[in-house]
Amino acid sequence: MRFWNEYDPRRFRDLRREMDRVFADLDRPRSTAFPPVNIHADENGLEVTAEIPGADPSVLEISALHDSLTIRGELPTMADEEGHTWHRRERRSGPFSRTIQLPYQIDAGSVDASCRDGVLRISLKRPEQDIPRRIEVKAS
Amino acid sequence: MSKTDTSKTESSLSKREAALPEGVESTHAGPEYLPSTDIYETEDHVVIVADLPGVGPDNVDIALERNLLTLRGRVEQNPPSGDRLPYSEYEIGDCVRSFRLTGEIDRDRIEARTKNGILTVTLPKVGAASRRIEVTTE
Chain A
1 MRFWNEYDPR
11 RFRDLRREMD
21 RVFADLDRPR
31 STAFPPVNIH
41 ADENGLEVTA
51 EIPGADPSVL
61 EISALHDSLT
71 IRGELPTMAD
81 EEGHTWHRRE
91 RRSGPFSRTI
101 QLPYQIDAGS
111 VDASCRDGVL
121 RISLKRPEQD
131 IPRRIEVKAS
Chain B
141 MSKTDTSKTE
151 SSLSKREAAL
161 PEGVESTHAG
171 PEYLPSTDIY
181 ETEDHVVIVA
191 DLPGVGPDNV
201 DIALERNLLT
211 LRGRVEQNPP
221 SGDRLPYSEY
231 EIGDCVRSFR
241 LTGEIDRDRI
251 EARTKNGILT
261 VTLPKVGAAS
271 RRIEVTTE
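Residue numbers (the numbering used here), protein chains in the order written: chain A, 1 to 140; chain B, 141 to 278.
Excised from the complex, chain A in its bound form (with noise of 0.2 angstroms):
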């Protein structure tokens, strides 16, 4: 604990220090699920990519549903074991689920996900009715 003199302009400095370093963050969205996504969209579809090291693809669980997309998987978990010391523990372990709000609908039955090396991908097509027609305009 640290007591400020009242008047001491020190106090400020360590709170404004903090203050620069959440907000130096904010140009990029923040989420505080698991796994953070990167979403790439166009008119025909999208594609998701999340970074999940150690998740083992074939426990991985992706479900969609209307504009929705389910990320369900485990992390491995280091076991405490005897004698172990640790010195740093930085790493996330364990069961992650997450459902994402996609910008539209999307064609449940045309998924495709891949994983590799931790990361995965996620392809998803919008279904043809909804892809928007550009409409020719004709100049008279």
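Hint data in this document are derived by calculation from the structure and do not stem from the laboratory. Treat the hints loosely; a few may be bogus.
Unchecked claim - Example chain A residues on the side facing chain B (calculated, C-beta under 10 angstroms, incomplete): (1) Ile39; (2) Pro76; (3) Ile131.
For glycine and all other residues, C-beta sits at the position ideal for the given N, C-alpha and C.
Chain B: place on chain A using the hints.
Just chain B, lined up with the frame of chain A:
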């Protein structure tokens, strides 16, 4: 084992950029991030486990220079097609992290393997077996 970076470990949502020594630049354009790492020690080994998503076994580089162990993972940037509306919660970039080893590591027997984007480096301690001295009682 002492560390070369002093950043606090926390479950941060954004990747931490790797810091280079003052005045040093990376030769390629992209950012470099510190991979999340677990380190534990047993009687015989020190084990480093690092998350390197998107890095295959051919793209891992482990260098040991004097006492400095540097782990580096190169990511193949494969931007998907359809970039009209990118929504991005995480950055993609190469990973690098260095650790200063203590003298007790047997450098010749360091092993590394990768699986599903996780790199495990096993560092055997020098003479761990031979240090056990039998004590007999009269």
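| request: Grab the minimum C-beta distance from isoleucine 131 of chain A to chain B and call the hint holds if it beats 10 angstroms, violated otherwise. | output: Violated, because the Cβ-Cβ distance from isoleucine 131 of chain A to chain B comes to roughly 12 angstroms (cut-off 10 angstroms).
Margin query: Checking hints one by one. Is proline 76 of chain A an interface residue toward chain B, by the C-beta closer than 10 angstroms rule?
Written below: holds (8 angstroms)
*asked:* A closest beta-carbon separation below 10 angstroms is what the hint needs, so does isoleucine 39 of chain A meet it against chain B?
replied: With a minimum Cβ separation of about 4 angstroms from chain B (threshold 10 angstroms), the hint on isoleucine 39 of chain A holds.
Hint compliance for this structure: hint 3 alone is broken.
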